[in-house]
Amino acid sequence: MTEQLMIPGFINREAENVLIFQRVTDGYINATAMCKAAGKQMKEYNRLSTTGPFLQELSAATGIPTERLTVSISGGVPQQQGTWVHPQVAVHLAQWLSPKFSVLVTQWVTEWMSGGGKNQNLPYHLRRYMANMNSVPFGYFSMLNEVTLHLIGPLEQMGYTVSSGQIPDISLGKTFSKHLRDKGYHVDEFPKYPHRYEDGRIVQARAYPNELIGDLRSFFVEEWLRTKSRSYFAERDPGALPYLNRLLALPNYREAMGYIETSKE
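Residues in the sequence shown are numbered from 0 upward in steps of one, following numbering that gives the first Met the number 0.
A hint or two may mislead.
[Stated by the list, open to error] Calculated pairs, DSBU-like style, for lysine-lysine (alpha carbon to alpha carbon, straight line, at most 35 Å): (1) Lys191 x Lys42; (2) Lys99 x Lys191; (3) Lys173 x Lys99; (4) Lys39 x Lys99; (5) Lys99 x Lys42; (6) Lys177 x Lys227; (7) Lys191 x Lys173; (8) Lys182 x Lys227.
Treat the hints as calculated values from the structure; they're not laboratory data.
All chains, full assembly: derive it from the sequences and hints.
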């Protein structure tokens, strides 16, 4: 038995006395460690005639670019270095490594998909945020990120947990996109990223340039929260309204959401 190294956000796996990490958020597995345990090398797998076509088909099915199905990491904790692969790539790799690895890695992925190793005490919005935070393009922000930080989190702190069907990132995204179009922005040209849900769905969600984050927070506070938030939550759970009203009644709730009002001369 190899010495265990507990790192938050990772599941410890082991094969042939080699520690193999799996990420909790997206299920990616350290393929370099897998190959080491099996006595093979990742570059051999990459040269297989079946590997390229498999990655292309998986990319088409999931909406994840092929270059993101395998990710190389250097620096940091040694056990986290190397090539990390999508769960389905890990299963495909394991089939090449050996029958034993094929069975073992399939079990790991099945366990991960069923929730094994995840911290089920985390609220849904945090699990969803963690699963997607690395997918947003550099220089852009996601609507879920802003909603999590500036509405769902504060409601959670007040004692109200927002369920999976109540998170308003889609509602806010639609109204904010219309707001931007009215101001002349070509919103349809903004990049999109694969946004993952726990039920396996993957949708293409819009990412917004970081320079618009101030505009978003102003719109969020002065438009969506003021005119739409109460009806939005009333339709889904009237029990949320006392908590929402308490939040909106705070004298500094605008500042808490990152929006500082300025006086108009």
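Do the hints match the structure? See the list:
{"no.": "1", "hint": "Lys191 x Lys42", "in the structure": "holds (31 Å)"}
{"no.": "2", "hint": "Lys99 x Lys191", "in the structure": "violated (39 Å)"}
{"no.": "3", "hint": "Lys173 x Lys99", "in the structure": "violated (48 Å)"}
{"no.": "4", "hint": "Lys39 x Lys99", "in the structure": "holds (14 Å)"}
{"no.": "5", "hint": "Lys99 x Lys42", "in the structure": "holds (20 Å)"}
{"no.": "6", "hint": "Lys177 x Lys227", "in the structure": "holds (15 Å)"}
{"no.": "7", "hint": "Lys191 x Lys173", "in the structure": "holds (14 Å)"}
{"no.": "8", "hint": "Lys182 x Lys227", "in the structure": "holds (20 Å)"}
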